[in-house]
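Q: So the protein sequences, as listed, match chains V and D.
So for the first sequence, the numbering used here puts the first residue at 38; every next one is plus one.
So for the second sequence, the numbering used here puts the first residue at 56; every next one is plus one.
Just so you know, the hints here were simulated from the structure itself, not pulled from any lab data.
Possibly wrong hints are sitting among the right ones.
[As the list claims (entries may be wrong)] A partial selection of chain D residues facing chain V, derived with a Cβ cut-off under 10 Å:
1) Ala57
2) Ser58
3) Ile66
4) Pro67
5) Gly70
6) Val71
7) Gly78
8) Lys111
9) Lys116
10) Asn133
11) Phe138
12) Val141
13) Thr150
14) Gln152
15) Thr167
[As the list claims (entries may be wrong)] Far from chain D by the CB rule (all over 12 Å, computed), these chain V residues:
16) Gly83
17) His122
18) Phe126
19) Tyr131
20) Gly202
[Stated by the list, open to error] Between beta-carbon pairs, the in silico distance windows are:
21) D:Gly74 to V:Thr127: 19 to 27 Å
22) D:Ser175 to V:Leu52: 27 to 35 Å
23) V:Lys45 to D:Thr94: 50 to 58 Å
24) V:Glu40 to D:Thr94: 45 to 53 Å
25) V:Phe153 to D:Val82: 18 to 26 Å
26) V:Asn128 to D:Ser107: 21 to 29 Å
27) D:Val62 to V:Ser172: 48 to 56 Å
28) D:Gly202 to V:Gly123: 44 to 52 Å
29) D:Gly202 to V:Gly173: 29 to 37 Å
Just so it is clear, CB atoms sit at the ideal spot from N, CA and C, and this is done for glycine as well.
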Amino acid sequence: MSELRTNKIYPRDGLPAGASGGIIQVVEAFDYTGTSISSSTFVDTGLSASITPTSASNKILVYVSHNIYKSGTNNYMELALFCNHGGSFTNIGYIDDLVAYSASTGAMSHRPNAMFLHSPATTSTITYKTQCLVSGGGSMLINGDASGGDSERSRGSMVLMEVSG
Amino acid sequence: MASELRVDRIIPVNGVPTGGGGGIIQVVQSQITTQDEVTTATTWTDTTLTASITPKFSTSKILINCTCHASNGDNVQNTDARFRIVRDGVEVCKTRQRLYDYGSSGVYMDTTMSMLFLDSPATTSAITYTLQFYLSSGTRVRISEAGSGNSSLILMEVSG
Chain V
38 MSELRTNKIY PRDGLPAGAS GGIIQVVEAF DYTGTSISSS TFVDTGLSAS
88 ITPTSASNKI LVYVSHNIYK SGTNNYMELA LFCNHGGSFT NIGYIDDLVA
138 YSASTGAMSH RPNAMFLHSP ATTSTITYKT QCLVSGGGSM LINGDASGGD
188 SERSRGSMVL MEVSG
Chain D
56 MASELRVDRI IPVNGVPTGG GGGIIQVVQS QITTQDEVTT ATTWTDTTLT
106 ASITPKFSTS KILINCTCHA SNGDNVQNTD ARFRIVRDGV EVCKTRQRLY
156 DYGSSGVYMD TTMSMLFLDS PATTSAITYT LQFYLSSGTR VRISEAGSGN
206 SSLILMEVSG
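Generate the whole structure from the sequences, applying the supplied hints.
A: Now the structure itself:
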């Protein structure tokens with residue numbers, strides 16, 4: 038069996054400007070816990086994942102997906118990605134501001150997802166997490182309805198991929 | 056001449072992270088462009104979106120991306136659908152897509168449903184992943200409705 042142990046995978050002629058190379062490690066975290074969110078300021082969704090880059094010049098390709106469910110009126114959820122490498126979490130990107138704004142009572146669900154290429158410039162362990170808020174009052178469910186039985190469950194997932202840089 | 060690296064496993068220099076994997080060593084894609092729908096309520100039904108892969112190692116993981124165009128198809132109110140990926144019939148990922156606000160009068164609605172997740176099949180035998188859908192309420196749910204969008208299932212073997 039052949040095995041390549043490396044911290045870089047590059048195209049033979051090097052990286053084009055602004056591009057990254059191959060993926061050398063992948064980590065996933067997921068959450069099926071249906072959580073009700075009513076906070077109007079950012080709070081943790083419960084989904085987080087950590088990765089330790091093998092090189093400070095490598096980048097982290099972050100994929101995030103949640104399921105959001107609402108049944109109220111005139112409200113919506115904002116989702117954002119936060120990163121901690123150095124002691125405190127900072128917002129590195131907004132994911133979505135759905136679901137949804139509706140003038141009438143209506144149940145809707147939606148699966149926002151997003152990908153970010155982050156350059157943490159470290160070989161220390163980095164933790165990524167999502168936070169959300171509800172604007173307009175009321176509450177929303179994230180990653181399913183914990184009281185609704187198995188068919189109501191929805192997987193929230195975060196995949197971290199270290200990309201050669 | 057192009058260079059070519061043939062290797063069984065790609066591992067970070069410090070080893071594979073706990074619960075994770077190394078580099079990607081093979082990729083398989085399946086795509087459908089023709090409409091598929093389910094009209095039977097509360098029964099998990101196979102879609103035609105399916106893909107197979109044979110892992111080189113039982114320690115490998117499979118990174119799975121499923122992206123599909125989904126719609127309620129006929130302007131009905133309160134279409135409430137579920138989607139899941141099964142590996143040889145066993146559920147490995149699930150999500151809900153409620154396609155319509157039932158408080159109003161019924162409109163056509165479509166959306167994109169996407170999942171990316173890591174599975175640990177622990178086998179070197181061929182395995183098949185299939186997208187299933189489920190109608191909790193409403194008349195039907197469709198994927199890849201004619202002229203509206205393709206659906207794809209991508210399997211990536213990640214060194215473990």
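Q: Compare the structure with each hint and give your call.
A: Going through the hints against the structure:
Using the Cβ-Cβ criterion of 10 Å, the hint placing D:Ala57 at the interface with chain V is satisfied: the shortest such distance is roughly 7 Å. Nearest Cβ of chain V to the Cβ of D:Ser58: about 4 Å, under the 10 Å cut. The hint holds. Hint status for D:Ile66 relative to chain V: holds, with the closest Cβ pair at about 5 Å, below 10 Å. Because the smallest distance between the Cβ of D:Pro67 and any Cβ of chain V comes to about 5 Å, under 10 Å, the interface hint for this residue holds.
Evaluation of the D:Gly70 hint against chain V yields a held restraint, the C-beta minimum of about 8 Å falling below 10 Å. Hint status for D:Val71 relative to chain V: holds, with the closest Cβ pair at about 7 Å, below 10 Å. Among the interface hints, the one on D:Gly78 holds; its C-beta lies about 5 Å from the nearest C-beta in chain V, closer than the 10 Å criterion. Because the beta carbon of D:Lys111 sits about 9 Å from the nearest beta carbon in chain V, less than 10 Å, this interface hint is met.
Satisfaction of the interface hint for D:Lys116 is found here, the shortest Cβ-Cβ separation to chain V being roughly 7 Å, below the 10 Å cut-off. A cut of 10 Å between beta carbons decides the hint on D:Asn133: the least distance to chain V is about 8 Å, and the hint holds. For D:Phe138, the suggested interface contact is upheld, since its CB lies about 9 Å from the closest CB of chain V, less than 10 Å. Because the closest C-beta pair between D:Val141 and chain V is about 13 Å apart, greater than 10 Å, the hint is violated.
Here the hint on D:Thr150 is kept, as its CB sits about 4 Å from the closest CB of chain V, short of 10 Å. Contact between D:Gln152 and chain V, as hinted, is supported at the beta carbon level, the nearest pair being about 6 Å apart and thus within 10 Å. With a cut of 10 Å, the hint placing D:Thr167 at the interface with chain V holds, because the nearest CB-to-CB distance is about 8 Å. Taking the minimum C-beta to C-beta distance to chain D, about 16 Å, the non-interface status of V:Gly83 holds against the 12 Å cut.
Listed as outside the interface, V:His122 is consistent with that label: its C-beta sits roughly 16 Å from the nearest C-beta of chain D, beyond the 12 Å cut-off. No Cβ of chain D comes within 12 Å of the Cβ of V:Phe126; the nearest lies about 21 Å off, and the non-interface call holds. Even its closest Cβ contact with chain D, about 17 Å, leaves V:Tyr131 beyond 12 Å, as expected for a residue assigned away from the interface. No beta-carbon of chain D is positioned within 12 Å of the beta-carbon of V:Gly202; the least distance is around 14 Å.
D:Gly74 and V:Thr127 have their C-beta atoms about 25 Å apart, which keeps the hinted 19 to 27 Å range intact. Checked against the given bound of 27 to 35 Å, the beta carbons of D:Ser175 and V:Leu52, roughly 31 Å apart, stay inside it. Roughly 52 Å separates the CB atoms of V:Lys45 and D:Thr94, a value that falls within the hinted 50 to 58 Å. In this structure the supplied range 45 to 53 Å holds for V:Glu40 paired with D:Thr94, their Cβ-Cβ distance being about 50 Å.
Checked against the hint of 18 to 26 Å, the C-beta distance between V:Phe153 and D:Val82 comes to roughly 22 Å, which is consistent with it. Under the hint 21 to 29 Å, the C-beta atoms of V:Asn128 and D:Ser107, about 41 Å apart, miss the expected range. For the pair D:Val62 and V:Ser172, the supplied restraint of 48 to 56 Å holds, since their beta-carbon distance comes to about 49 Å. Under the hint 44 to 52 Å, the C-beta atoms of D:Gly202 and V:Gly123, about 49 Å apart, fit the expected range.
Under the hint 29 to 37 Å, the C-beta atoms of D:Gly202 and V:Gly173, about 35 Å apart, fit the expected range.
Going down the numbered hints, you'll see the structure goes against 12, 26, while the others check out.
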